[in-house]
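Chemist: Chain E is fixed; fit chain W onto it per the hints.
There are 2 protein chains.
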Amino acid sequence: MKLTDLETPRLVLDAGRMEANVARLKERLARLRVRLRPHVKTCKSIDVARGLMQSPSGPITVSTLKEAEQFLAHGVTDILYAVGIAPGKLDHVVALRGRGADLAVVVDSVEAARAVADRGAGIPALIEIDCDGHRAGVKPGHPVLLDIAKALARGAQLRGVMTHAGDSYNCRTTEAIADMAEQERGAVVRSAAVLRSAGFASPVVSVGSTPTATFARSLEGVTEVRAGVFVFHDLVMAGLGVCRVADIAISVLATVIGHQPEKGWIITDAGWMAMSRDRGTSKQALDQGYGLVCDASGRPIDDLVVTDANQEHGIVGRRGGVPADVAKYPLGTRFRILPNHACATAAQHDAYHVVRDGPEVLARWPRFAGW
Amino acid sequence: MKLTDLETPRLVLDAGRMEANVARLKERLARLRVRLRPHVKTCKSIDVARGLMQSPSGPITVSTLKEAEQFLAHGVTDILYAVGIAPGKLDHVVALRGRGADLAVVVDSVEAARAVADRGAGIPALIEIDCDGHRAGVKPGHPVLLDIAKALARGAQLRGVMTHAGDSYNCRTTEAIADMAEQERGAVVRSAAVLRSAGFASPVVSVGSTPTATFARSLEGVTEVRAGVFVFHDLVMAGLGVCRVADIAISVLATVIGHQPEKGWIITDAGWMAMSRDRGTSKQALDQGYGLVCDASGRPIDDLVVTDANQEHGIVGRRGGVPADVAKYPLGTRFRILPNHACATAAQHDAYHVVRDGPEVLARWPRFAGW
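Residue numbers (our numbering), protein chains in the order written: chain E, 3 to 373; chain W, 3 to 373.
Take these hints with a grain of salt, some might be off.
Repeated chains share a single entry, so a pair holds when one copy, or any two copies, can fit it.
[Stated by the list, open to error] Okay, derived cross-link-like pairs now, DSSO-like style, lysine-lysine, Cα gap no bigger than 27 Å in a straight line:
id	residue 1	residue 2
1	Lys4	Lys68
2	Lys152	Lys141
3	Lys285	Lys265
4	Lys265	Lys330
5	Lys4	Lys152
6	Lys28	Lys265
7	Lys141	Lys265
8	Lys4	Lys330
9	Lys141	Lys330
10	Lys4	Lys28
11	Lys265	Lys152
12	Lys330	Lys152
It should be emphasised that the hints constitute simulated quantities derived from the structure, not laboratory data.
What you are looking at is a predicted structure, and each value in this text was computed from that prediction instead of being measured.
Bound-form chain E, shown alone:
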């Protein structure tokens, strides 16, 4: 089967680009002497994850218990559920552990630590540290760490500390990302030291975001890095300088379904349902609309972007409202459109159509969704 045989829109995965992305990060982390715990919330696919994991049993990071379920069904057992645990999910956690998953959870309050300990099942837990003020977590080195550790000791096991420098997505320079990586590292290393000095072993010191993993100068004291987007990369990462546009491994195959010649609009069948509503590049120097338009081989063409999107219609024009030469793209023309945000766009599709240096579809790798 060839790409031209696929009914559009469909999600395409360039295996060569993906493998290069993975090799690049793995080399970096090997030099920094830290292991990778890839975040599979981006791919939600065992076929993709196999190329990321150190061994068939993991380790991996997940964002939902559905991901834990699905990967456990494929033999992956070393799993960190990296979203603060809700008490109502603890029975599910215990059930997954009972089926062989070494599943660890995350807490950031005494209240949550008590809930995990009260379950009385020795569930391993990491304390989440807020390294950049963007979301959840305890302030680095804050004395409440010891209260949480004590609460966990009553029926859970403290496995360590973790943080996520999500604010690295808002950096303007790679130098700023490197500084953020140091801030991320410092936050967890300092927090682990507070715990250890009070006699609490904190074997795991976990950081992670694709930008900070790419530009960290040192990861001394860190035991593992969690990153997800790097496997595919996307326009937000390219805008940050974390990758090149030519590294982006997923695209949405679309077909031209019409034109508005007077406006220089090309209309495709890839609307926001296929691209997602993510507009992550809108705050960056180069706004890529709902996606950057490439030809069928995956090369950007004529500065075309998806300027607007309805559910199943994408409006393509030249960047900055310049009319496109619509006659070059007759009805039926195929585009491949690079996404702003790989996690969001991939989530709109049920499978990857895998290509490698050509139009042959070598495999269809299913992906799952939901909770």
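Modeler: Just chain W, lined up with the frame of chain E:
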């Protein structure tokens, strides 16, 4: 089963609100003496569609051939595929017609009309009219209509004209929506007249959008109305004055997983994966963030909105950055969050959990996704 038994996030459907929304639009259209061809791109569920359709065979409007496939499998045969047809999809259309679907397609150029006619299968086609400059379609009454009709005559069948006043979503007053409805009506009635005066029967004159369907003063000359969002309504519709917040029939059930007490943030497990990235209220007078927060019974509380969202984290605060009283919402508290855009939020979920005036989950109605 009760709502409290569901692992979150999950999509909840209030059947009473939905039935009232459907009854209200049906009454309006009955008074205007025009039939409803509901757009099932919003619900993607046969269980929901059964309450919308005139009969078990339809009619319905779809936005993908996957929707046509799925509804045909449940006996729905009267189907309009309301997105401009790509030539590469014609074999699929013919296959669906061969399996009993009276499936009609849409064209807006001579090029597309030729492709449909050249397939030689007598496929019924409507000509799309651009009533508001927002997307696809031929200018109302433009002479190219006759060229398209002639091209269709060579191997397809001209079934009529259709338009969609998508720009009604940008209206500021209900008066402006009523004017837009008149503009929508005029565009297709005038186009049908051009075709008829040249001897082309144009039996179907189709309009549709939830706002214009709600406020049209007259639908004289129109034979059918397509609308989708009205079944659930959403915050964008409430912001337009098309419904009340209390009419919104779907919500995302979420659990409090943490707090940032100093900032007055409540953190939930409903991030953008559960809510979608849609920010449709950001341009309206009242920005609802990523969703309006209700208590477990579905009533808005304390002016709480989802102020920011990561993939599986929602940050809840009071509107306008005012800190929330986080102590009122301890770990494990359940919220129901109303969506900006029903089509986008529902698309993130695989089922509706149906309730009626209480916490009992009366049914789980599956929905499908993809193409």
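Chemist: Look at each hint and say if it fits the structure.
Modeler: How the hints compare with the structure:
{"no.": "1", "hint": "Lys4 x Lys68", "in the structure": "between (32 Å within a copy, 21 Å between copies)"}
{"no.": "2", "hint": "Lys152 x Lys141", "in the structure": "within (17 Å within a copy, 71 Å between copies)"}
{"no.": "3", "hint": "Lys285 x Lys265", "in the structure": "both (26 Å within a copy, 24 Å between copies)"}
{"no.": "4", "hint": "Lys265 x Lys330", "in the structure": "within (15 Å within a copy, 53 Å between copies)"}
{"no.": "5", "hint": "Lys4 x Lys152", "in the structure": "neither (59 Å within a copy, 35 Å between copies)"}
{"no.": "6", "hint": "Lys28 x Lys265", "in the structure": "neither (46 Å within a copy, 37 Å between copies)"}
{"no.": "7", "hint": "Lys141 x Lys265", "in the structure": "between (52 Å within a copy, 13 Å between copies)"}
{"no.": "8", "hint": "Lys4 x Lys330", "in the structure": "within (23 Å within a copy, 57 Å between copies)"}
{"no.": "9", "hint": "Lys141 x Lys330", "in the structure": "between (56 Å within a copy, 22 Å between copies)"}
{"no.": "10", "hint": "Lys4 x Lys28", "in the structure": "neither (31 Å within a copy, 46 Å between copies)"}
{"no.": "11", "hint": "Lys265 x Lys152", "in the structure": "between (66 Å within a copy, 25 Å between copies)"}
{"no.": "12", "hint": "Lys330 x Lys152", "in the structure": "between (68 Å within a copy, 25 Å between copies)"}
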